[in-house]
Every structure is written in structure tokens, then in C-alpha cells.
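Asks: Quick note, the sequences are listed as chains A and B, same order. Reminder that position 260 of the first sequence reads as 260 in this note's numbering, one-by-one numbering, no gaps. Reminder that position 145 of the second sequence reads as 145 in this note's numbering, one-by-one numbering, no gaps.
Some clues are possibly wrong.
On the chain B side, residues computed to face chain A include the following (Cβ under 7 Å) [what the hints assert, rightly or not]: (1) Phe18; (2) Arg80; (3) Ser82; (4) Ala87; (5) Leu91; (6) Met95; (7) His105; (8) Val117; (9) Gly121; (10) Met167; (11) Met170; (12) Ala235.
FYI, nobody ran anything at the bench for these hints, they're computed from the structure. Keep in mind that this is a model prediction, so the values were computed, not measured. Built from N, CA and C at the ideal position, the CB exists for glycine as well.
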Amino acid sequence: MRTADALAGGFPDLSGMRLARQAHRQRWLAVAAILVVLAAIGRAFANGQIEWSYVSRFLTAKVILEGIVNTMVMALLAMALGIVLGVVVAVMRLSPNPVLKSVAAGYTWLFRGTPLILQLLLWFNLALIFPTIGIPGLWSARAVDVMTPFLSALLGLGINQGAYTSEVMRAGMLSVDVGQYEAAQAIGMGRLQALRRIILPQAMRVVIPPLGNEFIGMVKATSLASVIQYPELLHNAENIYYANSRVIELLIVAGLWYLLVVSILTPLQMLLERRFARGSQQIAR
Amino acid sequence: MTKPLIAIRSVSKNFGEFQALNRVSLDVRTGEVLCLIGASGSGKTTLLRCINQLTFIDSGGIWLDGELLGLREEGARLHRLSAQQIAGQRLKTGMVFQRFNLFPHKTALENITEGPVQVQGRKREDARAEAMELLRRVGLAAKADAYPAQLSGGQQQRVAIARALAMKPMLMLFDEPTSALDPELVGEVLAVMKELARSGMTMMVVTHELGFAREVADTVVYMDHGAIVESGPAAEVLGAPREVRTRSFLSAVI
Numbered sequence: 001m002r003t004a005d006a007l008a009g010g011f012p013d014l015s016g017m018r019l020a021r022q023a024h025r026q027r028w029l030a031v032a033a034i035l036v037v038l039a040a041i042g043r044a045f046a047n048g049q050i051e052w053s054y055v056s057r058f059l060t061a062k063v064i065l066e067g068i069v070n071t072m073v074m075a076l077l078a079m080a081l082g083i084v085l086g087v088v089v090a091v092m093r094l095s096p097n098p099v100l101k102s103v104a105a106g107y108t109w110l111f112r113g114t115p116l117i118l119q120l121l122l123w124f125n126l127a128l129i130f131p132t133i134g135i136p137g138l139w140s141a142r143a144v145d146v147m148t149p150f151l152s153a154l155l156g157l158g159i160n161q162g163a164y165t166s167e168v169m170r171a172g173m174l175s176v177d178v179g180q181y182e183a184a185q186a187i188g189m190g191r192l193q194a195l196r197r198i199i200l201p202q203a204m205r206v207v208i209p210p211l212g213n214e215f216i217g218m219v220k221a222t223s224l225a226s227v228i229q230y231p232e233l234l235h236n237a238e239n240i241y242y243a244n245s246r247v248i249e250l251l252i253v254a255g256l257w258y259l260l261v262v263s264i265l266t267p268l269q270m271l272l273e274r275r276f277a278r279g280s281q282q283i284a285r
Numbered sequence: 001m002t003k004p005l006i007a008i009r010s011v012s013k014n015f016g017e018f019q020a021l022n023r024v025s026l027d028v029r030t031g032e033v034l035c036l037i038g039a040s041g042s043g044k045t046t047l048l049r050c051i052n053q054l055t056f057i058d059s060g061g062i063w064l065d066g067e068l069l070g071l072r073e074e075g076a077r078l079h080r081l082s083a084q085q086i087a088g089q090r091l092k093t094g095m096v097f098q099r100f101n102l103f104p105h106k107t108a109l110e111n112i113t114e115g116p117v118q119v120q121g122r123k124r125e126d127a128r129a130e131a132m133e134l135l136r137r138v139g140l141a142a143k144a145d146a147y148p149a150q151l152s153g154g155q156q157q158r159v160a161i162a163r164a165l166a167m168k169p170m171l172m173l174f175d176e177p178t179s180a181l182d183p184e185l186v187g188e189v190l191a192v193m194k195e196l197a198r199s200g201m202t203m204m205v206v207t208h209e210l211g212f213a214r215e216v217a218d219t220v221v222y223m224d225h226g227a228i229v230e231s232g233p234a235a236e237v238l239g240a241p242r243e244v245r246t247r248s249f250l251s252a253v254i
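The shape of chain A in the complex, shown without the other chains (with noise of 0.2 Å):
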């Protein structure tokens, strides 16, 4: 190596100088054209035949509070059906037995190859091809009875968000480096816990945001059970605006919860993601 009096001459001393502050112009004007285009959308709407007092009256009317409630409670425990359902089915797919993993993709095959309103219409109008349901000998019961909205949407809902799930925790079971599991067998693990104790909590870090995303879309989902009288939230906005015809309003009040819902959740997965990061250098930002 050569010392620094021996370097050839010529090339100016940059080590003082201060990098200069681009302009960004052109990023002004795309500001100004969006602010330009939301005003004119604004004013639109405010001159609009929209009773804006509708609106900020309804936002807090019981019906429509209850009617958050029932969404968010039906979103949660359909999504916890879900999830059951999707981790069972995944693990029934990627075992060795024939038998299991046939069941797993048909399950698959047929509620993910139905539409879901047509699932949830089948779920409540049980009642006209069975009766009377139950276990022969032990319990049953009139289907009508028994086949509740709630019951119906828990069902119709849960059980076709499973057939997506477990498609998501295949992803992430099969992202999980096949070396753990051979690492958990050589510790004497069998399948099921290497499989619970192994691959799912790593495979967990690679499903939580493909899952958060499955679950805003059961939130807005929800809004489907309202064909089979669920009183969620846009049920219950229906019912307020066939009474009094303020249609786009309670649209909007519903719109506006919908919205604020998501962006709470938004945040609450990040904290998920966080938690599952454990042991991981790429720490989710």
C-alpha cells in the first residue's frame, strides 16, 4: 500500500462540504393538485342533498352502537372459529395420512368455491330441508329454532373464513425451515408437538399479517349477515333508513365506523407482530 504523500494530486478536499437540500418541486405541485381535486369532492358533498345533521345525529344512536357491537363481536368469534379451524385443517393437510389430507382439501375446495352470501343464506334457511336436527336418541331440536341469525352467521362466516385460514398457516407451516423439524424430532418431539411447540409459534410471525388482513375482511363481512336479519351494523342502518328514508346518510354513518374500526386494528397488529418477532433480527417496524 502506498502512504497518502505518495496518492497523486489533483482531486479537491470534499470533507468539509455539506450535502445541499434538494428542492422537491414537483412533489408542491403533486400537494397542491391532491388539496385542489379533495376540495372539489368536499364541496361537492356539501352541497350535495346530504342532511349532514342526519349524519352526525345517527353516528351515536343506540341502534347504530349496538349494531358496531354485534359486528365486532361476530367478526371476533368468526375469526376465532377461523382460526381453529384453519390451524386443524392446515395440519390435516400437511400430514402424511391420505385420508386426512383428502378431507383438508375438499373442505378447502368447498367453501372456498361457494360464494360466502350463498353459504350464509344455506346456514339459516337450514330449517327446509331439516326440520329437526340433533343427535338420534340423545338431544334434538327444531331447526329453527335452533339456526339463529347468530348462530347462522357464526357458522356461515367461521367456517368459510377456516377454508382461508388454512391456507395461510400452510403458507407459514411451510415457510419454517424443515431443519426445526428434524432438530424437534431429534429431542424426541412427535408431529403434534413439534408442530405446536416448534413450527406454529415460528410460523405465527409469517402469518400475522396476512391473518390481520383476513380479519379486516371479516369485519366488512360481517355487513353480509345483514341478508339473514343479524342486527350488525349495516343491518341496523338499513332498518333506521327504511323508516326514514335518509338512505346515503346512514350509509355514511356506517361508513365512518367501519373506517374508524379498521384504523384501530391497523395499530393493534403491529403490537402482534411485535410480539411474535421474538428472536428474530428483522424486528417489524
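Chain B: place on chain A using the hints.
Replies: This is chain B only, laid out in the frame that chain A set:
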């Protein structure tokens, strides 16, 4: 002659067309340190994985401590053992992998206590105390609460050795334990293995570290194309090999 701890008899294993093991027979005595050497694809790793039943043999038999592995004789036929029985047999062997395979979501200490607590049902406090003792033995007591990602490759492999030892195995299997390490980290892992060998542990080591084999191994086995070409005392096989193939392999490696 005393009964060997491991008796391998006419074991063959094919992966499709590829013959990974071709009628391999081998004995390992209690307390013996045996190094398996050979080119990649020669079957040495497969042989190790068959002993730990991560791979199932096609034919032949492996006996560990007098017990046939993975199979049961009944009515002149062989029956495969249940997954649970196989898991039980695996407890007698400890395995150290080339790529460490530590559980990344658990600390060094939790990696070591996982098997004793979850599989053997031992008390958490006892398992922790023993795990700390093992971490001291591999020189990593200070890293008990570190996650694998915070450890160097050499440190991870030492934790992996401690994790295998925590199950109190009769036999330790090492599958190229230093091949994935930066050169300057190989020594610390080999030092732990030497200490283990001195303590009387029975060890089977697949390795490319001929220096380690020469210094520590009682027996060296040279494999090629799924078969054992030559085996004997380390000094003989490495110093004065009888077979031409062994000689050419050694001259290529050194």
C-alpha cells in the same frame, strides 16, 4: 468381546435411483469416538440420519443398546414401530446438525430445557439448573438469555451440543458440525467435542476435519459410494491407508 453399543448390519438405503447406502455393516463400542470421512454423497450423513431415524432404512438392521431400531420382529415378519415408539428410541441418541437448527424463537437456555421439560416431563427448575451447568460446560453461561440470532455460528453450535446433551443420550451423532462455520469459529466447537470425547461419551462424527479425527478418534471409517471402503484405528486409516481409494481421497483433501 463385549456387545457393541451400535450394531449396523447390511443397511441399504436408496433415494429413487440413487444408492445412498449399500449393505453397510459397522460396530461402535461404548465410549468409542468414531469419525466418518469421505466425499460428499458418499453416504456418511445418511448413515447418521438412519441411526437417529430421521431417514428410514430400506433393508438391514440397526441395533442400539441391543434394541432393534424402527422395526419389530413378529411372526417372521418385520413391522414398523409407531411414531411414538420411534420418538422414544430417538431419546437415546443426541443429534448435532450441520446448520445448528436451534429454535430461533427460544433463548439459548430455553432451547436446552425444551426437550427435558416438554418431552421427558422433568421439573422446570431442575431442567434449568442442568441447562445452566451444560452452558457452563460449553463456555456460554453468560449467553443463557440470548436468542440464537444474537449468537455467532460457533456459539450456536455449542448451544446445539448442550441441547442434545440435555436429553442424556447414550450416543452423540454429529453431522458435519463445523462445516457451516467461519474458519476462526471451528476451534471452539472442536474443543467442546474433544472435552466430550475425553469424558467418555460415545460419538459418531461425520467430519472433514482430519486433524480432529487424527487427534480424537479411536476409529476412522472411510466411505465411498454408499459403502465402507476402509475402517480401523485413526492412525492407520489416516496415516497408512491400505486402500487405494482412501489414499487418493486423503491426498486430495490434505
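Asks: Each hint: holds or not?
Replies: Comparing the hints with the structure gives:
1. Phe18: Violated, about 19 Å.
2. Arg80: 12 Å, violated
3. Ser82: Not OK, violated: Ser82/B not within 7 Å of chain A, min 10 Å.
4. Ala87: Ala87/B check passes; min Cβ-Cβ to chain A is 5 Å, inside 7 Å.
5. Leu91: 4 Å, holds
6. Met95: Since chain A brings a Cβ to about 4 Å from Met95/B, closer than 7 Å, the hint holds.
7. His105: 5 Å, holds
8. Val117: 10 Å, violated
9. Gly121: 11 Å, violated
10. Met167: 6 Å, holds
11. Met170: 13 Å, violated
12. Ala235: 32 Å, violated
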